[in-house]
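Colleague: Each chain is listed here by its residues.
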Amino acid sequence: MGPGFRRDDGGGPGSRPALDEPRRTAYLPPVPPRVRPVPPDDSPALPDHFIRWFAARGWTPRAHQLALLDKARAQRSALLIAPTGAGKTLAGFLPTLVELGEKTTARSVARPAGLHTLYISPLKALAVDIARNLDAPISEMELPIKVETRTGDTPASRKQRQRRYPPDVLLTTPEQLALLLSSADAPFLFSSLKRVVLDELHALVTSKRGDLLSLALARLWRLAPDMRMIGLSATVAEPEQLARFLMPQPQGAVAAADIVVAGGAAQPVVEMLDTRERLPWAGHTARHALGEMYDLIKANKTTLVFVNTRSQAEMLFQDFWRINDDNLAIALHHGSLDVAQRRKVEDAMAAGRLRGVVCTSSLDLGVDWGDVDLVINVGAPKGCSRLMQRIGRANHRLDEASRAVLVPANRFEVLECSVAIDAIADNAQDTPPLRTGALDVLAQHVLGCACGEPFVSDELYAEVITAAPYAQLSRADFDDVVDFVASGGYALKTYERFARIKQDAKGAWRVANPKVRQTYRLNVGTIVEEAMLKVRLVRSRGGGKGTTGAIARGGRLLGEIEEYFIEGLTPGDTFVFGGEIVRYETLAEDQVYVSRANDADPKVPSYMGGKFPLSTYLAERVRGLLDDHRAWRQLPEQVRDWLALQKDVSRIPARRELLVETFPRSSKYYLVCYPFEGRLAHQTLGMLLTRRLERARARPLGFVANEYALAVWGLGDMSHMVSQGRLDLAGLFDPDMLGDDLEAWLAESALMKRTFRSCAIISGLIPRRFTGEEKSRRQVLFSTDLVYDVLRRHQPDHMLLRAARADAATGLLDLRRLGDMLTRIEGRITHRPLDRVSPLAVPVMLEIGRESVYGEAADELLAEAAEELVKEAMG
Amino acid sequence: MRGTTFSSSGTMEIAGITLRADLSGALFWDEQRLLVVSDLHLEKGSSYAAHGTLLPPFDTVATLRRLSAVIAQYDPRTVIALGDSFHDRDAHARLTGDDRATIANLQVGRDWIWITGNHDPAPHGIGGDVADEITIRAVTFRHEPTGARGEIAGHLHPKARVATRARTLERRCFVSDGERAVMPAFGAYAGGLSVRDAAFAKLFPKRAFIAHVLGDTRLHSIAAARCY
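Protein chains in written order, with my numbering: chain A, 1 to 875; chain B, 1001 to 1228.
Any given hint might turn out to be false.
Below, a list of computed lysine-lysine pairs in the DSS-like style, where the Cα atoms sit at most 27 angstroms apart [said to hold, decoys possible]:
(1) A/Lys-194 to A/Lys-124
(2) A/Lys-506 to A/Lys-493
(3) A/Lys-534 to A/Lys-502
(4) B/Lys-1202 to A/Lys-534
(5) A/Lys-871 to B/Lys-1206
(6) A/Lys-159 to A/Lys-124
Think of the hints as simulated: they come from the structure by calculation, not from any bench.
Assemble the whole structure, with the sequences as input and the hints as a guide.
Modeller: Listed below in structure tokens is the structure:
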């Protein structure tokens, strides 16, 4: 058994799996009983020319590569769990190469033409790279195998040819597969299919793209019953669940593919940067450790520096170059950079020309390139599986240990890094559980099916529930979706004549007109781009904050930025964009005007603090670490002192309790609590708490949240109110806030409206493109916010609102997690009235003024703006 | 406690005449008992549906419900619908029987004038009178603004974006400089155009106008320079 799969159950210092906790997290020991690494001495016959090819390169086939070959020969579908660098991709393709190679060398039977293997990857760049990598074995062994890619960039003429004369192996993406399946020749194209290889499956299944893919697989299982699956994945918390994705689910039972685990990975060496500098209280830049990180880059060959957000990447990159006296080749890589620029960085990396790359999750996945010998992770790791995958990027050879240094950017992040290191030592995993398939994605799929060939509801339902994420789908929900696709699914039945699909005499649903098909093709996919605005650099008019004088239009185009980010800003705010600090001047149509700012620090530090919240599992371990005072020994002295002081003046929250502190500060009163449930759940909690505090007449003014804590402030003395019995904390945090209060808030929540917009687009209610050309949201003549308001009032149980609510439970509002937390802390609230801010509260208090403040009534805010007019009028 | 939705209004002077700007987006002239609403865009949902985008078909009901409420509150002698009352030329034909009855009921006992708009240039036979524009004393009501003194128009769907201490808010608004005004759209699905758009600069020299912004419970008069 490889050391990478051994679990340290001995419980060394700091390793305290939460045994007494309910299993709400996705945490499982990494080696469930049925999953066994393949013993390396088990070597089934590989054809001679393959053995020679391996030998010529100085390679030996790995045990898991041979195991997959065995599975394929036995007509079994399999899930390969392997760390980065284990030769996963070759393992996935080996059965296909052998099968197609064998038949031709035997020259006995002419191989039937047609598509044999389909490879699906989440990234089109990956598909292109794989095609290149397959070229070596195919050309060197002279295998008569034709491999082609099909992505959004493939020319139409080649796509056309691929339909008529398919290659043996087609490398593509989930969206392209959906498109192929929606054509009338899909049965012809896929009837010969023998194998589907799904790459980076752990990443695919966590999103709606995974739902879309699962529905496509359900269709393929029907078109090609002989087809077998190979899934390639990093280590996950529940491999059994993932293995179900690869098999058609029988009714009322579960089926899972065989699991093959690659052994042999060396345990990574992960440490926390022991900084000589003062640890910041708040912020996410880790600028204090800039020099130390630079020294690490200097001391290693190639270092990947992972950060959590694009703006952090921009800032850190800029900072490195400010101190780059040695002129080290340090590059930048993130998702909003131009594709050509990203490829340039990747190529330079592959060629070994770079010493350091500052990057975001844009490099979490993808091909292995370059001799990366160190990974630096800046800021909060957020989840241990995610951190492990990042660290794996420094693992170009399986038997060598990856090396990683974690650089916490503030004191709370020290706690998080510390427990993440323990979790990795324990081989714990915290990937999310398998999704329940979304209804908006199903709607898209149903329309796609009708575009291909007419369908009968009974048959399509039976097919859809073979997809693992939809195995539990009720017939009623399915029928609602079909009704939605046909005529909108509205209680007011006025759209029958505008129906997109119609039932023929035999009851089969078919597309009403060719335009429906065209619209479907233009809108396929589940990735909803945020509405983007163009950013232009102009000269500052130098006016005071909050006024807009005439501004010179035009200006140099700096790039594009998410509209929701700009909506959170007020003119005069500064932020980082395109590597420089700019001041937000004004917004006109789809253009954002900014000027160059001379500030050393941007006022708005991040794009919403990054996409992922702290994982439930790590949060639990952070609470455990806080509660275990002896374990503080492993923490840096500055952090120990901070916690000791907190213990003196207030209290260290026990593992299962919620600590609530109240205190006055410069004529306002604050309530700070520490749920450790991530920023998203805290923001939702903040919204709901302010509503309740308003009713309790505590006159709340606003709140701010970070990953660990929430601070609410107002004009009412909450310490006094609690002591007088006028404010009941148990009542304030009662889980029933997820009832009426939540409903009332959802009516106006901007996050809920964003969620709805995304469901409306994915489901096909609202086209993202009108007849081929993409239009900016400003040119679209209706607002999805208005549609949301009207639908919510007139048909609150409409399928799309149900889909949006299901998203809200786990997405931007993180309701499920908030609900779990409220239940956990029932009867376990500890209140500490203080005369001033506590040490533990300082970090979240420092966020005030840096992050958007929520919770204040719109009328109060508008009245202040109106007041200025009155002042002006009164002279 | 907060008042009912339509109880709040502000006042606006146009060419020496005082008008009430209602929180619903309607305008009321007390002396004439005249109520003006603009850009109802009835049947916008079904208009999109006919072209394949199946927006929820409840927009007409929603708009008429709000219109009924504001008419019940002011009990006007005359109602002017300031153009683009119907989203397209054929929209009136798609009204449900119930909606048709609602409109007929609202028209009982009062004058009703449909001003023509670019979306609904022709008469549509839903009761009331049809006119391109109408002048009462010093005030002219027409759909598309020309910038003339004493003009009250619609068409542009003004909205104001206001940067506040905590966050940016975006709401529908009346736009006026004391001599002329542009009304907010009343329709449930009617989007908005920022008052900083060049279209408003043409009407209001030097952008010397005030945005009367529709808040949640009251109207807020905010200087143009404060909006963006």
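Colleague: Indicate, hint by hint, whether the structure satisfies it.
Modeller: Quick rundown of the hints versus the structure:
| no. | hint | result |
| --- | --- | --- |
| 1 | A/Lys-194 to A/Lys-124 | holds, 22 angstroms |
| 2 | A/Lys-506 to A/Lys-493 | holds, 23 angstroms |
| 3 | A/Lys-534 to A/Lys-502 | violated, 41 angstroms |
| 4 | B/Lys-1202 to A/Lys-534 | holds, 25 angstroms |
| 5 | A/Lys-871 to B/Lys-1206 | holds, 21 angstroms |
| 6 | A/Lys-159 to A/Lys-124 | holds, 15 angstroms |
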